[in-house]
Amino acid sequence: MNRDLLKFLAFSVMILAAPLYFKGGYMMNVLVFVGIHTMLAIGLNLLLGYAGQISLGHAGFFGMGAYLSGILTVNYTWNPWVAMPLAALVVGGLAFLVGFPILKLKGHYLAMATLGLGIIIYIVFNETIDLTGGPSGLSGIPNLSIGSFTFDSDVKNYYLIWAVTLGTILVTLNLANSRVGRALRAVHDSEVAARVVGVNARLLKVQIFALSAVISSIAGSLYAHTMTFVSPASFGFNFSVELLTMVVIGGLGSIYGSFLGAALLTLLPEFLRAAHDYDIIIYGGLLMVMVMFMPGGLVRGVPDLFRKLFRGRGGADNA
Amino acid sequence: MLEVSGITQIFGGVTALEDVSFAIHKGEITGVIGPNGAGKTTLFNIISGIYVQTAGRVTLNGKDVSGLPPERLARLKMVRTFQNIELFGGMTVLENVMVGLHTRSSSGLLACSLRMPWSRAEETVIRQEALKWLDFTGISDLADVVAANLPFGKGRMLEIARALAVEPTIILMDEPAAGLNSQETLGLARLIRQIRDLGITVVLVEHDMELVMDICDRIVVLNLGRKLAEGTPRDIQDNPEVIAAYLGDDD
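Those sequence lines, one after another, are chains A and B. For the first sequence, the numbering used here gives the first residue as 1, with consecutive numbering after it. For the second sequence, the numbering used here gives the first residue as 1, with consecutive numbering after it.
Simulated from the structure, these hints should not be mistaken for lab results. Watch out, some of these pointers could steer you wrong.
Said to hold, decoys possible - For lysine to aspartate or glutamate, the following DMTMM-like pairs were computed, each having C-alpha atoms within a straight-line distance of at most 20 Å: (1) B:Lys154 x B:Glu184; (2) B:Lys63 x B:Glu3; (3) B:Lys154 x A:Asp189; (4) A:Lys104 x A:Glu191; (5) A:Lys106 x B:Glu86; (6) A:Lys23 x A:Asp189; (7) B:Lys154 x B:Glu86; (8) B:Lys77 x A:Glu191.
With the sequences and hints as input, model every part of the structure.
This is how it looks when you write it as structure tokens:
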């Protein structure tokens, strides 16, 4: 058995055992969000960390998944298990089509274009009141169920969400360590060199953009079915920035890093409840500190820190 | 094998190349030389699909490839290297060469995500082939080094290894000896001959005259965007126009 698989198994055991430690309660609800945010951060990381393309509109894809699932199950009484993949397909398809013109852009221009896309989606949520309920939201979204078993408690939802999140982690780890993952990193490092050896950089970027949107959409559907209520406020520009912060803090180009970033940014507000009006300032400060002192994110920065401390002492011993 | 005919490139009001035509013969090493600003790199960028020329045609094995993007040319087995080596800095030496095998493997997004048996089998082949090219260029001991940490000369070797992994029939090298010391340049000359001996056609833009005269079968001379001369190294060395272009005219 190889090391990557062992690492994944150890991580899975830790995740699956967590409810035993927290014994239900409020913390489980928070950990459900950690799972959803982990999926979202991984989706964005594929684009940002691997392919090196920014998106400031990912909250839009997350919202589309949530709303499509919500609308299809509430307004049209579809089975949620049918609505979810359909939503993912629609969102992925949209990202693919939009991706072709948008991903021609680079740097700031790409940031602006994806920002615009996110804002358009947000406006649609607010304005198509007949469909989405507008600013007051869409309620009565059914929980997911298998036969007579309904995912209606925090613990049940925890296992549901984390089963999908672990699946996402496994699939994206596979992808990252494959021919396609290498091509993505190659495009990131030198697009012209990647093209010269035959990588269709443009198509690859669009594909990854679409995959990233599909993952976000699935996370959105799961969010809708666990919360049973969605409103536009959850899918605005602020949340896109929060996702970006998770990816950068966790570590660009690291799947487990995305988990760390998502966990930190989801748990932090729980501990900073007293300062909750200042949370955006704290995120901003955190982002600045990280980019300045740990550009590799937690996943690389923390081991580096330990190594530095350790080496410092080792050097003294030698002297 | 490779033919350029009537290539003209105009940037704004500046004519970088004007009506340049020549043919590259299969299995030969051809050098493209000329003083600074002669248009050599521009010509390379056109042939390799990075620029689209204002006028003229590029044909590869009888097929018109004008305006095809570099990734398509790689599939037609034409590949190039860069003057300021373009490596995938964050990846290891081995991974760099593995990317070179991209066109020779086919597992897509889905097969890779699910680690299908055939994509794993392909991965094994990719790794072995990549190691083979590291061996060929003499840098297999650096396989696990991150490319950004390589000394310049080794980086050059890596770029060549990565290009060879495409299994090209023709390789274009833009100033391969630039930045190399004399020892490394000797090694490069040997390597280029070995590449030719594999049956790969080599075209190089180069400033190092000693190297060019030593290894090239044919030479094309550009000056001020026009073709000045074409022939064997001996023809070129004796050509008064070439000498004038390099050393300056008396009148």
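Decide if the proposed pair is consistent with the structure: lysine 104 of chain A and glutamate 191 of chain A, CA atoms, cutoff 20 Å inclusive.
-> Holds. Lysine 104 of chain A to glutamate 191 of chain A sits at ~12 Å (cutoff 20 Å).
Sort out whether glutamate 86 of chain B lies within 20 Å of lysine 106 of chain A, counting only the CA atoms.
-> holds (19 Å)
Does the structure keep lysine 23 of chain A and aspartate 189 of chain A at a Cα separation of 20 Å or less?
-> violated (46 Å)
Has the given pair, lysine 154 of chain B with glutamate 86 of chain B, been kept, meaning a C-alpha gap of at most 20 Å?
-> holds (12 Å)
Is the Cα-Cα distance between lysine 154 of chain B and glutamate 184 of chain B 20 Å or less?
-> holds (9 Å)
Proposed proximity, glutamate 191 of chain A with lysine 77 of chain B (alpha carbon, max 20 Å) | holds (19 Å)
Are the Cα atoms of lysine 154 of chain B and aspartate 189 of chain A separated by 20 Å or less?
-> OK: lysine 154 of chain B and aspartate 189 of chain A at ~18 Å, within 20 Å.
Proposed proximity, glutamate 3 of chain B with lysine 63 of chain B (alpha carbon, max 20 Å) | Holds, at roughly 10 Å.
Hint compliance for this structure: hint 6 is the single one not met.
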